[in-house]
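**Student:** Keeping their order, the protein sequence lines are chains A and B. Adding 1 to a residue's 1-based position in the first sequence gives its number in this note's numbering. Adding 1 to a residue's 1-based position in the second sequence gives its number in this note's numbering.
Just so you know, the hints here were simulated from the structure itself, not pulled from any lab data. For every residue, glycine included, the Cβ atom is placed at its ideal position computed from N, Cα and C. Worth double-checking, as some hints may not be accurate.
Cβ pair distances, simulated, as ranges [unchecked claim]:
{"hint": "1", "chain 1": "B", "residue 1": "N654", "chain 2": "A", "residue 2": "K131", "range": "31 to 41 Å"}
{"hint": "2", "chain 1": "A", "residue 1": "A391", "chain 2": "B", "residue 2": "K602", "range": "45 to 55 Å"}
{"hint": "3", "chain 1": "A", "residue 1": "E655", "chain 2": "B", "residue 2": "E33", "range": "22 to 32 Å"}
{"hint": "4", "chain 1": "A", "residue 1": "E149", "chain 2": "B", "residue 2": "N436", "range": "44 to 54 Å"}
{"hint": "5", "chain 1": "A", "residue 1": "G375", "chain 2": "B", "residue 2": "K542", "range": "35 to 45 Å"}
{"hint": "6", "chain 1": "B", "residue 1": "N436", "chain 2": "A", "residue 2": "Q25", "range": "34 to 44 Å"}
{"hint": "7", "chain 1": "A", "residue 1": "K205", "chain 2": "B", "residue 2": "E24", "range": "45 to 55 Å"}
There are 2 protein chains.
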Amino acid sequence: MDEKLYTLTDKIDNDLLNGNLAEQEKQNLAQEIKQLLPKDAIALAQINPTSGNVKANALKAYEWIKWAQKLDLDAVVFPEMYLIGYPIGDFIDRFPVVVEENIEWLNALAAKTTGKTKVVMGFVEFNTTKGGKKYFNSIAVLADRKIERIVRKTLLPNYAEFNDYRHFEPAAVDSANRITSIGENKAGIIVCEDGWNDFDFFDKNLYSVDPVETVVKEQHPNYLLNCSSSITRAKKEQLKHNMLSFAAKKHATPIVYVNQVGSNECLSFEGASRVYNKDGNLVAMAKSYKEQFFIVSPTKGGKVYPLPDGLEKTLNSQKAFTLDHEPDLERTYLTIVQTIRDYFKKTGFKRAVLGLSGGLDSTVSAVLLADAIGEQNVFGISMPSKITSAESKNDARELAKNLGINFAEISIKDMYDSTRSKFDEVFSLIENKWNCRYKECFTNDNIQARSRALILWGVANEFQSCLPIATSDKSELYMGYATINGDMSGGFAPLADVSKTKLFALAKWMNKHRTKKNAIPEAIIEKRPGAELAINPKTGKPLLAEEALMPYEFLDEVIWRVENLQQTIGDMMQAEFLHEKHLKEQGEPLSQEQKLEWLKKFFRRMSTALYKWSIMPPSPIVDARSINKAEYKHPIIASGINYHKTTYEQKLNELK
Amino acid sequence: MDEKLYTLTDKIDNDLLNGNLAEQEKQNLAQEIKQLLPKDAIALAQINPTSGNVKANALKAYEWIKWAQKLDLDAVVFPEMYLIGYPIGDFIDRFPVVVEENIEWLNALAAKTTGKTKVVMGFVEFNTTKGGKKYFNSIAVLADRKIERIVRKTLLPNYAEFNDYRHFEPAAVDSANRITSIGENKAGIIVCEDGWNDFDFFDKNLYSVDPVETVVKEQHPNYLLNCSSSITRAKKEQLKHNMLSFAAKKHATPIVYVNQVGSNECLSFEGASRVYNKDGNLVAMAKSYKEQFFIVSPTKGGKVYPLPDGLEKTLNSQKAFTLDHEPDLERTYLTIVQTIRDYFKKTGFKRAVLGLSGGLDSTVSAVLLADAIGEQNVFGISMPSKITSAESKNDARELAKNLGINFAEISIKDMYDSTRSKFDEVFSLIENKWNCRYKECFTNDNIQARSRALILWGVANEFQSCLPIATSDKSELYMGYATINGDMSGGFAPLADVSKTKLFALAKWMNKHRTKKNAIPEAIIEKRPGAELAINPKTGKPLLAEEALMPYEFLDEVIWRVENLQQTIGDMMQAEFLHEKHLKEQGEPLSQEQKLEWLKKFFRRMSTALYKWSIMPPSPIVDARSINKAEYKHPIIASGINYHKTTYEQKLNELK
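Between the sequences and the hints, there should be enough to build the whole structure, so can you do that?
**Tutor:** This is how it looks when you write it as structure tokens:
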């Protein structure tokens, strides 16, 4: 379609965001656009709902519907569960009033459907039959002031971040009911996971029916319309693109795919709504990470906006660990920035305060916060203790200056001293009764991290709409290398799903790609990470994280193998790690004993870190798999798992 | 059966717990018991597994199996998923090695089945077919050194604390395969939820088949054997008893029900394994909250041990809020004590440290801890600030003395002062940049709660195997009336599912029923709760919680109505609250305006408390419903839910 169409619809997006057009201007714009429209034009409402805020979602949708009506489009199509706001957690179970409200709002919107423009919208429906779960996950077609039909989801995902089967009853495919006329076309409606069970594409299928196949074979629609709310993850675009393209071609039927955008707490949606033609070619794709009133012809396509840079490179990449995080860095950046922005906006927070240590975690957090909520709304506080080096203080100050965020430096020495002397008093009382005091201990190290958090929470209490930030990263969370009520405490944790080696790459990427180049001082990226809480007696310098743990290059590969390949210690002993390859090249090969020791240490530390995972603040899911509570639960008491398989004979010997 | 049988089997329980019998003593005991056994005796293994610790579970089971073999019993029957340890969270998804291990251990145990004693045991099985979820939730029958058969669960609960459908494929009922001969009987095996879908008993059914009915009608077993892992909750015994009794009578078939005991993190199992005869009468019931090698005749029954005191009174009680918590207090007490004990034991912790404020929450926590892990392992620290009254200090000291726990008193005045002066310094720097400092604020109040937590975490770091305790209760968590990194911070939170009015009742109950009577000073129970963090300017005395919130009698009823009846503000305005009735009786009726204000305040405060729920430490689920993360998730950003329904006309008016 004409490029000009998209220049003009950018003005609609702008109006929907800022409401800056007067009625006459809207009419003029509409007239101009209408001349450029293909015969079967529809709008894909790539929109950002808020979980549970049904009224806000409904009022917002109404603005989009009015634009579609003004343009006389055949339809405007919203994502799955739009009206109630996906994800829903469990609130529809305990507060059915939310579902009642979403039904009434749906009816009110239906009453406003006039002219030829149909509205297709996801919502939650009561299951009024005697049996089964309380609700259906449904799509309504609104037309002629009524609800024309309701299509119910058949395949209910219930793994990782998906919990459909907690609340919804699966429905029969009912292909005839899934067909609605949109303009002169017959569209077949598919609800998200309903489109993800092709028996030829997947080696293993979760479900026994493929609604796409049923609808195509029984009804021969002109195209399929998939209403989705599908989160972004590393590698997912590769799967999604290949699958949708495969299905469109296999069935010789175009697929129109509408996706939610924006973030709701830990889940991020990248938009990138799209159209595949009947040959499986991508013929339209909306912007990523932006709301868009995206006009397409379901049969011919529209503009193809690019995916975040580099992502296309991953489309055929292999399943191997690499330090080349490059292809995923822009997506990672956009996902975290969007998640921070939406979390603050949707919870009503405006400002963030964080400790700036001069280390990598707090540095990257500060940059992301500045980009998400504005540098004037970020306060970085350098809180040196006795151990903090002059370099760290300078690096923190320089970073703040480069970013333009607010900055203060406050020594915590006196807080540390008064807490420490209090501890001495308490501990000497306690050791009269308990003969189990550690000789050497990290208790005093933790005072520093906890004093800093105490200050940050104080600031958050004292200043309006202000959240303190937890800066722990994924590698350190796996190792439990984070202080409870210290650096892992905060109202939000931007980096909890970013591993350390990726953080280094992200810092470099941001220095290169942000408008303001090189905001992060080179010294911060160059220095080896350490918490600066303790002195290493061997070196006399602050203990480095890799001295306390293991090399990050090795650690991050273990995490990657556990999350993506579900490997055991045995499997990993068999495999060659990137770190091993590098050491070998350097002529200092890694011994098998050292490797085994690190692997055992990994699982030992992970087993004692489980409690920390359970009390982490909300954080963006970024990777293909994460330890975010919204996706993965590991009982804390399940710390006795044997990750090192024994043989059957060993087991038999134990039974005597 | 002979009462003596149970006196003798108590010795088996003791041996299984302490391994204190020599082989000859075991043989002698076995001979004695065998003379008392009915012809078709089986043992119900009411046992306490640990999630994920397959080896420990297998070795433990083997001791139980050897006893069953020694007694020449027809069978020994273990609970659902025993071998892998229920609950599993998601670890079988990311760590399939655990499932491989449980299969190998099952085979190793099978290799040890000799003589006539069959072993029936829950485990997790791989689904090796092309389609569906990765696993089955299965029961194995082990006999003659082999796995005789595997029965797969059909009905997969996936609500509240249940997550079966995340990992398991539902299996067809396959009634023929569910039948195994046990001695001279034909037993039909049922897996937990498979027994909870009777179409005549329930008004609404979750599933479309009733495996119990299918098995009985198609196979006519002599009895049904239900292997369960079913947690204890308020009111659940009422439902369970009525349902099992109903089904046994309806099908004229005895039901043998084996339940897990012990706690795994937040989930507690009360045991109380049992037998209903074909007339629906309860003819055997094992102990509650105790491991037991419980011998019964599936057709004739055995000893009926009593349920926790009072529970029977609830069997037919109505669905109404009451301050008479009495019938549920012993169960509540036993559940929390068991959960604390098992959490400490299974995570390797031995000691607990908590702040003793002289208030109700820390007091009840201290008593429960002392009873769970031993008074010598509990350290109560009184940490007075400027605001703390002399009474509070004395009450704390007296409580500690009565309980025999360790006690210290440490003033936090100097910590408070040094933090406060640091805050003054920080805040004056920040307000140069941010013009949004609150005029009046609770920042300084929170210093007290956070300084106390800092000390407790310091103690936990400095002394071996020591956990700090978070004392927040359910009423206050709903209101967000708890300090982050303060009183709501800890390694375990014993009271998070106990409302305030129930806590008062529990305190009185403990004073009456514990071996040591009246350990809790009367003054603590008499005084009105308050955090003693701030002064109420109106009274000049420490602010009371009910002044900051609303009367607990009212608050707790709102919570009860939300959790149990799913009511909205409108519903609750229509209903008469107990507190209203009491006020009316006192001649001071509650105004509708005041009531509406409290209800709005409830939902407003609850909406801003959601973050706090998400970072709560592990805590026991006690009530019929809870806000424990293991059961209920409410996205933090879903804070804009409208709990006060609007009309359709109001909605239509908003769309213009």
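**Student:** Look at each hint and say if it fits the structure.
**Tutor:** Each hint tested on the structure:
no.	hint	verdict
1	N654(B) / K131(A): 31 to 41 Å	holds (36 Å)
2	A391(A) / K602(B): 45 to 55 Å	holds (51 Å)
3	E655(A) / E33(B): 22 to 32 Å	holds (30 Å)
4	E149(A) / N436(B): 44 to 54 Å	holds (53 Å)
5	G375(A) / K542(B): 35 to 45 Å	holds (44 Å)
6	N436(B) / Q25(A): 34 to 44 Å	holds (39 Å)
7	K205(A) / E24(B): 45 to 55 Å	holds (50 Å)
The structure meets every hint from the earlier list without exception.
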